[in-house]
Amino acid sequence: MTDPATPGPAGIADVRPAGSDSDVAGLGRGKASAFVTPALLLIAAFLVFPALWLLWIGLTDLTVSGRTSVDVSFVGLDNYANALDDPLFRNSLWITLLFVFGSAVIGQNFLGFTLAWSLRDAARWLRAVVESLVLLAWILPSSVVAVLWIAMLDRDAGTINQLLDNPGYAWMIRHPLAVIIVFNIWRGTAFSMLLYSAALSTVPPSHLETARLAGASGPQTLRDVVFPHVRAHVLTNTLLISLWTFNDFTPYLLTRGEPNHGSETLPIFLYRQGIDDGALGYGAAASVLMLLINLVLALFYLRLLRRRPK
Amino acid sequence: MAPNRGMLAALASVGVLLAATVGCGSDSGGQNALTITANAINSAGGKNADEAKWIEEWVIPRFVEEQQAKGRTVRVKFQATGVPDEDYKNRIAKDLKTGTGADVVSLDGIWVGEFAEGQQIAPLDELVGADKVQAWDGWQHMPETVQRLMSYGGKQFGIPQGTDGRVLFFNRNLFEQAGLPANWQPTSWDQVLDAGRKLKAVPGVIPVQLNAGTSFGEATTMQGILPLLAGAGSAMHDGAKWVGNTANFREVLEFYRTLYGEELGDAELQQDAKGREKSFEKFAKGQVGILLEGDFLWRGVLNPTGGSFPMADRDTGVGWAKIPAAAPRAGVNGQDYVSMSGGSGRVVSPKSKNVELAWELLQFMNSPAAYEQWISMGGARITPRQDVNAEVLGGDPMLTFVSEQILPITSLRPALPEYSTVSKAMQQATLDVVTGTSPADAAAAYGKAVEEAVGKDKVASD
Chain A
48 MTDPATPGPA
58 GIADVRPAGS
68 DSDVAGLGRG
78 KASAFVTPAL
88 LLIAAFLVFP
98 ALWLLWIGLT
108 DLTVSGRTSV
118 DVSFVGLDNY
128 ANALDDPLFR
138 NSLWITLLFV
148 FGSAVIGQNF
158 LGFTLAWSLR
168 DAARWLRAVV
178 ESLVLLAWIL
188 PSSVVAVLWI
198 AMLDRDAGTI
208 NQLLDNPGYA
218 WMIRHPLAVI
228 IVFNIWRGTA
238 FSMLLYSAAL
248 STVPPSHLET
258 ARLAGASGPQ
268 TLRDVVFPHV
278 RAHVLTNTLL
288 ISLWTFNDFT
298 PYLLTRGEPN
308 HGSETLPIFL
318 YRQGIDDGAL
328 GYGAAASVLM
338 LLINLVLALF
348 YLRLLRRRPK
Chain B
2 MAPNRGMLAA
12 LASVGVLLAA
22 TVGCGSDSGG
32 QNALTITANA
42 INSAGGKNAD
52 EAKWIEEWVI
62 PRFVEEQQAK
72 GRTVRVKFQA
82 TGVPDEDYKN
92 RIAKDLKTGT
102 GADVVSLDGI
112 WVGEFAEGQQ
122 IAPLDELVGA
132 DKVQAWDGWQ
142 HMPETVQRLM
152 SYGGKQFGIP
162 QGTDGRVLFF
172 NRNLFEQAGL
182 PANWQPTSWD
192 QVLDAGRKLK
202 AVPGVIPVQL
212 NAGTSFGEAT
222 TMQGILPLLA
232 GAGSAMHDGA
242 KWVGNTANFR
252 EVLEFYRTLY
262 GEELGDAELQ
272 QDAKGREKSF
282 EKFAKGQVGI
292 LLEGDFLWRG
302 VLNPTGGSFP
312 MADRDTGVGW
322 AKIPAAAPRA
332 GVNGQDYVSM
342 SGGSGRVVSP
352 KSKNVELAWE
362 LLQFMNSPAA
372 YEQWISMGGA
382 RITPRQDVNA
392 EVLGGDPMLT
402 FVSEQILPIT
412 SLRPALPEYS
422 TVSKAMQQAT
432 LDVVTGTSPA
442 DAAAAYGKAV
452 EEAVGKDKVA
462 SD
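Protein chains in written order, with our numbering: chain A, 48 to 357; chain B, 2 to 463.
Bear in mind the hints are in silico, worked out from the structure with no lab data behind them.
Possibly wrong hints are sitting among the right ones.
If the Cβ cut is set under 10 Å, some of the chain B residues that face chain A in the computed set are [unchecked claim]:
| hint | residue |
| --- | --- |
| 1 | Val203 |
| 2 | Glu282 |
| 3 | Ala370 |
Computed Cβ-Cβ distance ranges for the label pairs, DEER-style [stated by the list, open to error]:
| hint | chain 1 | residue 1 | chain 2 | residue 2 | range |
| --- | --- | --- | --- | --- | --- |
| 4 | A | Arg353 | B | Lys242 | 38 to 48 Å |
| 5 | A | Leu131 | B | Asp88 | 36 to 46 Å |
| 6 | A | Leu131 | B | Val84 | 27 to 37 Å |
| 7 | A | Val119 | B | Lys133 | 32 to 42 Å |
| 8 | A | Leu339 | B | Ala454 | 40 to 50 Å |
| 9 | A | Asp132 | B | Gln374 | 31 to 41 Å |
| 10 | B | Lys242 | A | Leu182 | 52 to 62 Å |
| 11 | A | Leu182 | B | Gln32 | 28 to 38 Å |
| 12 | A | Leu145 | B | Glu145 | 29 to 39 Å |
| 13 | B | Lys242 | A | Ile186 | 32 to 42 Å |
| 14 | A | Leu352 | B | Ser44 | 45 to 55 Å |
| 15 | B | Pro311 | A | Asn213 | 28 to 38 Å |
| 16 | A | Leu352 | B | Asp88 | 34 to 44 Å |
Which residues of chain A face chain B? A partial, calculated answer using Cβ under 10 Å [claimed, not checked]:
| hint | residue |
| --- | --- |
| 17 | Leu106 |
| 18 | Thr107 |
| 19 | Asp212 |
| 20 | Gly215 |
| 21 | His222 |
| 22 | Val250 |
| 23 | Pro251 |
| 24 | Pro252 |
| 25 | Gly304 |
| 26 | Pro306 |
Quick caveat, the model's predicted, so the values are computed rather than measured.
We put the beta carbon where it would ideally sit given N, CA and C, even for glycine.
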């Protein structure tokens, strides 16, 4: 509710001039800080403090239990050096990049766009059916879909082996990375499809008609007419789904990173180091590295997004 | 000067936040309130359900009653947990560190060293008082080896609540089909391999299930590598050094290679995220010939009443044999047969506000009456008290066998803080071998990993 004595906008405006000592301005500054303080405190308590704490832990040899739990030693950048030198960290980074590139950048993007493009002129019922089916994979809780996939792919009791009459084929052990890639494509395509459906509706039908009359082929139309319109959508979508996939923990429910770290993405690596093994310092350092990689990824896409198409 | 309304509001909001924070940390327990925690949950099929049931339905009401009789009103709460052991360990580690956890905490004997080094647990003598601890009459019924399950650096940190032993279980029905004797007792590793080769002729059967790999976690170490290592003549830690890339360790890996190379074991099952449960299920279904396991398999898994994979004909269909050394007298201490034992126990949290009452509860939970009740509710088990074992194990030939013949020849894991790191490196070495790396290469990688983890001077290699 607005206080009639000090209208909000005026109060805020009064705060701006530095050094103003009028009563109204003083009251306004106080009011503003009263409004802002709880939010700032909350941000400090739940965002800044944990982030700083994480940075600090990453510089120590803190573990959940054991020798260092009481006398934590400052180890400087050792954890970072160890992580970069750790074959398991490098393995999980590589796995993560393959996972992100295969399932998000290529898989979800391509399938999402293809579905959106194919469905744009489809009958309403067909569109509804396809969209519902694709959305179903997206809205189901991670735990549920993981259980479903395990039930499908299990070597001994999996339905896929039963259907293929191929008993004993261990999908998750022989192709762990492929399994989590296909899983993530299956699961995440819905978002891309919806976003591209919306994006494609912004392409003026007259442009498509002109291209058709000019005798442009399908790929030419896509490249020269459709893509310039949806470029920003593609980049935004790619950024979003890459970051989500990069940080996705669902593969853990499916394969636990096994076998032999063959599907151990960075979040799984972090979990195993920090939680399973209780190496909090090392886990914190690795998570800071992961955050940096995320930032680089985001900056790369944002740069692409800001660059004007020629 | 008139108070600044804005500043007051800001201070008020800080106050509210602080109050909320402080409120979260306050202890709701009163002077005579206790909490027990264990990795157990009282639900059908829940983890260690019998223990949870026993605590909730017998220990707590009877202890409260007993205290009432002394004119003291106490409240005891059970904090049920039913998660993988590593998660439970992390949970209680945090609880013990922050002082937010239970007063009486159940923990695996192997964690004692780590928690003691971290000062998350304290010796009973310091916590309760040496005279009071020594006054407990339960110690005299507990063999020293069993007491050691809850000790570290010569100090007793808690009371053991149970121990176990490892044997080779075998399926008598499959043995009959393979032409093997019903009272099988191999005297060397070769004889185990020979039996596996005969069992391989029976269709649809995994001849030998010897845990390997990282998916099986600690089960690989305890029910795989360590009994074999003891059979080859080595301990994991000889009191001064950890076993590294040694001839004995390579011999163990060589055995793994023979077993999995000849497909006497199922290499893929070892990499399955649910491999251990599946190996239990397959054994219960009569699809595994020989399985190296602890007596937990007998009482907790195959138990016709309440087991996770009950086997109706367990008592007639399942046989057991001592684990042979690689060859007669080649085992640790020159033994013919070997085993490994673990066990857990309970400690009093050093941050407990009611240490004395918690110690009373701990004694109560380790009284003969309490064990007898637990066994009557959850089935026979090897207790740390010989007086109780003598009374209650008579009806169970398998557990009597473990108590009488396995415990005297068994080895314990080193309760040292570095244990889990070395254990993981061992698991990785077996995984490497099972998936095709040569034992020599896997042992070399293992030796290097252990040296990096604990320091070269603390690792033996030859």
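Hint check results:
Nearest Cβ of chain A to the Cβ of Val203 of chain B: about 17 Å, over the 10 Å cut. The hint is violated. A distance limit of 10 Å between C-beta atoms decides the matter here; for Glu282 of chain B the minimum to chain A is near 9 Å, and the interface restraint holds. Because the beta carbon of Ala370 of chain B sits about 33 Å from the nearest beta carbon in chain A, more than 10 Å, this interface hint is broken. Between Arg353 of chain A and Lys242 of chain B, the C-beta spacing of about 60 Å breaks the proposed range 38 to 48 Å.
As the Cβ distance of Leu131 of chain A to Asp88 of chain B is approximately 29 Å, the hint placing it in 36 to 46 Å is violated. The hinted range of 27 to 37 Å is satisfied by Leu131 of chain A and Val84 of chain B, whose Cβ atoms lie roughly 32 Å apart. At roughly 34 Å, the beta-carbon separation of Val119 of chain A and Lys133 of chain B lies within the given 32 to 42 Å, and the hint holds. Checking the proposed 40 to 50 Å range against Leu339 of chain A and Ala454 of chain B shows it is violated: the Cβ atoms sit about 27 Å from each other.
Hint check: Asp132 of chain A to Gln374 of chain B, Cβ distance near 54 Å, so the stated range 31 to 41 Å is violated. Under the hint 52 to 62 Å, the C-beta atoms of Lys242 of chain B and Leu182 of chain A, about 60 Å apart, fit the expected range. The supplied range of 28 to 38 Å is broken by Leu182 of chain A and Gln32 of chain B, whose beta-carbon atoms lie about 56 Å from each other. The given range of 29 to 39 Å is broken by Leu145 of chain A and Glu145 of chain B, whose C-beta atoms sit roughly 55 Å from each other.
At roughly 56 Å, the beta-carbon separation of Lys242 of chain B and Ile186 of chain A lies outside the given 32 to 42 Å, and the hint is violated. Distance hint check for Leu352 of chain A and Ser44 of chain B: the Cβ-Cβ separation is about 52 Å, which falls inside the suggested range of 45 to 55 Å. Distance hint check: the CB atoms of Pro311 of chain B and Asn213 of chain A are about 31 Å apart, consistent with the given range 28 to 38 Å. A hinted range of 34 to 44 Å for the beta carbons of Leu352 of chain A and Asp88 of chain B is consistent with their spacing of about 41 Å.
This hint is violated: Leu106 of chain A has a C-beta 19 Å from the nearest C-beta of chain B, more than the 10 Å allowed. The interface hint given for Thr107 of chain A is violated, since its Cβ lies 14 Å from the closest Cβ of chain B, which is over the 10 Å cut-off. Below 10 Å, beta-carbon pairs count as interface contacts, and Asp212 of chain A has none with chain B, the closest being about 17 Å; its hint is therefore violated. Interface hint status for Gly215 of chain A: upheld, as the beta-carbon distance to the closest one in chain B is roughly 8 Å, under 10 Å.
The criterion of a C-beta within 10 Å of any C-beta in chain B is not met by His222 of chain A, whose closest approach is roughly 12 Å, and the hint is violated. A hinted interface residue such as Val250 of chain A counts as satisfied when its beta carbon comes closer than 10 Å to some beta carbon of chain B; here the least separation is about 46 Å, so the hint is violated. Annotation: Pro251 of chain A was flagged as interfacial toward chain B, and the flag is violated, the nearest CB pair being 51 Å apart, outside 10 Å. Hint status for Pro252 of chain A: violated, given a least beta-carbon distance of 51 Å to chain B, over 10 Å.
Restraint check, Gly304 of chain A versus chain B: the minimum CB separation of about 9 Å is within 10 Å; hint holds. A cut of 10 Å between beta carbons decides the hint on Pro306 of chain A: the least distance to chain B is about 4 Å, and the hint holds.
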